[in-house]
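Chemist: Listed here are the chains, written in short residue letters.
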Amino acid sequence: MAKTIVIANGTNEASYIFDAFNRDGNKLIVINSNKEFAEEFAKTKRHDVIFGAPWKFQVLEKAGITNADIFIALSNKDTDNYAACCMAENSFYVGRTICLVSNPSNVEVYKSLGIDSVICSTLQLVENIRNESDINGNLKVITIEDEVQAFEFQVYSNYVICEKSIMDIKCPPIATIACVKRFKPAAGSNDPVHIEMAKGSTVLHANDSVYCVCHRKDVEELKKFMTREK
Amino acid sequence: MANRVLIIGCGRLGAALAIRYAEQKYNVYVVDANSDSFEYLNDSDQFSGETIVGDAGDVETLEARCHIKEVDRVIITTGDDCLNLFLAHLCESRYHIKHIYVRLDSSELAPLLFGYNSVQTIFPFNLSIEKYTEMEGEEE
Numbered sequence: 001m002a003k004t005i006v007i008a009n010g011t012n013e014a015s016y017i018f019d020a021f022n023r024d025g026n027k028l029i030v031i032n033s034n035k036e037f038a039e040e041f042a043k044t045k046r047h048d049v050i051f052g053a054p055w056k057f058q059v060l061e062k063a064g065i066t067n068a069d070i071f072i073a074l075s076n077k078d079t080d081n082y083a084a085c086c087m088a089e090n091s092f093y094v095g096r097t098i099c100l101v102s103n104p105s106n107v108e109v110y111k112s113l114g115i116d117s118v119i120c121s122t123l124q125l126v127e128n129i130r131n132e133s134d135i136n137g138n139l140k141v142i143t144i145e146d147e148v149q150a151f152e153f154q155v156y157s158n159y160v161i162c163e164k165s166i167m168d169i170k171c172p173p174i175a176t177i178a179c180v181k182r183f184k185p186a187a188g189s190n191d192p193v194h195i196e197m198a199k200g201s202t203v204l205h206a207n208d209s210v211y212c213v214c215h216r217k218d219v220e221e222l223k224k225f226m227t228r229e230k
Numbered sequence: 001m002a003n004r005v006l007i008i009g010c011g012r013l014g015a016a017l018a019i020r021y022a023e024q025k026y027n028v029y030v031v032d033a034n035s036d037s038f039e040y041l042n043d044s045d046q047f048s049g050e051t052i053v054g055d056a057g058d059v060e061t062l063e064a065r066c067h068i069k070e071v072d073r074v075i076i077t078t079g080d081d082c083l084n085l086f087l088a089h090l091c092e093s094r095y096h097i098k099h100i101y102v103r104l105d106s107s108e109l110a111p112l113l114f115g116y117n118s119v120q121t122i123f124p125f126n127l128s129i130e131k132y133t134e135m136e137g138e139e140e
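Heads up: the protein sequence lines correspond to chains A and B, in order. Residues 1 to 230 (the working numbering) are what the first sequence spells out, left to right. Residues 1 to 140 (the working numbering) are what the second sequence spells out, left to right.
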């Protein structure tokens, strides 16, 4: 479904986001306080750019962002992005605000003050490094939303849970097993891989990949439980 | 226990208020990103407060070094309106400070402080205009 997306400030990120969403009927509104960038962007992308600071009421009013679906603040100053998101949400009723920050501790702080999504590249880098290190330990972790994590692990034949149904393994109540990826065709299918939604009767076999969702703090406990050896 | 006040931004206004509170025997903490700003405090021999060089936009700095959890009042006077807005929101929502005074150069951000009952806003530009208008009226 086509959306109205506001791209407020930023340089390379703004260009990349513009290219990524400038299709499927989306309406893109670009605001930038860097005059040189705004002029160059308008010329190369053949798209109007509103010049001005996106935390200013008059600039957002001129840009016509009322009821936009998404507002993305991309400047390199965290508090400018915060103020722009507040203005967009409170005075122009945008559906969702996304705020880029450079200080990782601002992720939790800005969310607690009402910003819908706060993105920090440093924090994501740390997350990626952490996930990479877990892969070596037969565990792939994906952060869904801050404290909520999905993790994938492979079942080996020497695990206690192997050849047991989900009902019988008595997974602690800290997690939900979402689905199982099987490297063999489902009944009536030629596809060599299939995903089975987890039910109590689903039996875990060697080489299955199991996907669970849990709180970040419980990942280690869950990992220990799932990878117990016979 | 003596009253404690945190002053964020040590320009002329912040420094003058810091000196005044120190004279009234408050425990005064002043934070500014630029150590040169503390020169303004030398206008008085009476200033006995604590100066902190740091980024007030960083919660860890506020909590670890600026005594934000211990103060009764905060005065936010940096020259950056967006930072001031953020700090005003933060001081009320996160630290529940009862007396928050914030300076804003632009009145455009004022609606974003509606509903923040502990926050009082000062607009130096508007005050100057009002004073000028008042003085002009007196002349006539």
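Simulated from the structure, these hints should not be mistaken for laboratory data. Quantities reported herein were computed from a predicted structural model and do not represent experimental measurements. Watch out, some of these pointers could steer you wrong.
With the C-beta cut set under 8 Å, the calculated list includes, among others, these residues of chain A facing chain B [unchecked claim]:
id, residue
1, LEU28
2, ILE29
3, GLU40
4, LYS56
5, ASN76
6, CYS86
Glycine is no exception: its CB is placed at the ideal position from the N, C-alpha and C atoms.
Chemist: Flag every earlier hint the structure violates by its number, smallest first.
Modeler: 1, 2, 3 and 5
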